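A.B. asks: Below, each chain spelled out in residue letters.
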Amino acid sequence: MDFSIFGYQFMQNAILSAFLGGIACATIGVFVVLMHMPFIGVCMSHAAFAGALLGLWLGFNPLVGAFGVSLLSAAIIGPLADRGELSPETSIGVIFSLMLGLAFLFMGLMPGTKSGALELLWGSILTNTRSDIILLGIVAVVVVALVFFFFKEIQATVFNRDTALAVGIPAAIFLYGILFLTGATITASLRSIGGLLIFSLILNPAAAAYQLTYSMKKMFLLAAAFGVLSGWVGLLFSYFFNLPSGATIVVTSSVIFMIAAIFSPKRKVKGWQSQPLSEQEP
Amino acid sequence: MDDELIVIDKAVVSYREDIALRGVSLKVSKGEFVGIIGPNGAGKTTLLTVVNGMGKLLDGKVRVLGHYLTPGNGNSLRKKVGYVPQVQNIDPRMPICVREVVMIGRYGILGMFKRPRKADYEIVDEALELVGMSHLSQRPIGHLSGGELQRVSVARALAQQPELFLLDEPTASLDWKAQSDILELVKMIHDTRSLTTLFVTHDLSCLPVTCDRVVLMKEGLIWAEGSPAELLTDNNLSRLYDMPVAVVESRRKKAVTVN
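Residue numbers (this note's numbering), protein chains in the order written: chain E, 1 to 282; chain S, 1 to 259.
The shape of chain E in the complex, shown without the other chains (with noise of 0.2 Å):
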């Protein structure tokens, strides 16, 4: 095979992206499974295609668009699934279902060609230039730090959020401060992976990650493995076999949970044993 691809700067541009991504997504990730709230993901990388069409139709920059409709979103959905008036889920698929409707509805009103919103549904790692690139490391930088300055409190948030609040952490700024980063992780990556995408690339590297530990501090970092490397595998298929980036790297990162879920330890059965559990180290 010819390798000489890696010495031009589009591909260069586009691992670091993978790279990027991979690790911010995956973290994201982490929280949303811990939280059982998997299609917070989806509502959010639609509330920010919404938001990317809204620019594209205005003639303002998508990525500001974005932002700001998955921020809103955010809003919206925090003291929802707060309060806990509606279930989360009811919550969240009423604001999906507006997301995507207004999706169609700004792609309906734009004039002319509609190539730039297709290419927002689908992705374009591979045309991704220097600013995509400081837009993701920031945001890649800013959910690592979080997690790491905050972790005690972000494992007591989500663990319990009733236990965090009952034991003196304010509970609900750690809520909102997750879904903002929800919201800002899957801007960042909207032009590399895509709206329609996206979900995957956080859902999946978290939810393969899950299976395998029981200790959170790994998951962080296996998950954000899983997710780099379902960017980088996936970016080498779709140059040798010509496919489109954002595909392959969501199937990628599918794979690696299938490959995560039948090796699971967590899966096996530990009913028959030759001495009982309590007598056993863990």
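Derived from the structure by calculation, the hints contain no laboratory data.
Predicted model only: the values in this text are computed from it and were never measured.
Where hints are given, some of them may not hold.
[Said to hold, decoys possible] For lysine to any residue, the following SDA-like pairs were computed, each having C-alpha atoms within a straight-line distance of at most 20 Å:
(1) S:Lys-27 to S:Ile-6
(2) E:Lys-217 to S:Tyr-241
(3) E:Lys-266 to S:Ile-90
(4) E:Lys-218 to S:Lys-27
(5) S:Lys-114 to E:Pro-170
(6) E:Lys-218 to S:Pro-92
Mind docking chain S on chain E? Use the hints.
C.D. replies: Then chain S, alone, in the frame of chain E:
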């Protein structure tokens, strides 16, 4: 005066569209063990949420450990209040072990940007030892039984080194053995740590009979309070739970009580 850790004055609290507390006043002194009894929906849990600053007061005044409660100042109070809820459903795959869950009790007190130190681990291990869970400290939290989960909840509350100990139906949905184990544990902790304890239950068989005072609640009001011997008569209970005296009598004979 300083002995009064909790002073609730005509508290009115709504829960959704209903009024959950309709002007409740209660004083609790340092070192007391108070049992709060009443049927489901009487406002017992709401009373606890008022004490730990989670309930939203519509009217009345509440002072707990010297804090006057206003919306938004509950976090500093809750660091000093150990709270044990009902058995919670926990995702069996949740990646967090028993010792880490107990350590969450230290997180509020530690404050942001501070990592647990050796002293915190010592407090956590001591709490695990006291509730008899040291041997399971590395076990994933989702793998425990209901009784073990409640021991962990008690240990987490202890790790806060609280001044006030609140228990909300801690024995609900546990088997008989686990129920009496938890009751003994709570009583022992109350005595050895000289805590002030509020214990909520709808089930009289799950009330430590050694409690100093009982508060009977019904329909968002305190219906009676006093010593257990005076108040917990078949007659009173039949009126509290709207059941014929004979039924109450036969139920109590079957009930397992713990000393």
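A.B. asks: Each hint should be assessed against the structure and marked as holding or not.
C.D. replies: Evaluated hints:
no.: 1; hint: S:Lys-27 to S:Ile-6; verdict: holds (5 Å)
no.: 2; hint: E:Lys-217 to S:Tyr-241; verdict: violated (49 Å)
no.: 3; hint: E:Lys-266 to S:Ile-90; verdict: holds (15 Å)
no.: 4; hint: E:Lys-218 to S:Lys-27; verdict: violated (48 Å)
no.: 5; hint: S:Lys-114 to E:Pro-170; verdict: holds (15 Å)
no.: 6; hint: E:Lys-218 to S:Pro-92; verdict: holds (17 Å)
Violated hints for the displayed structure, listed by number in ascending order: 2, 4.
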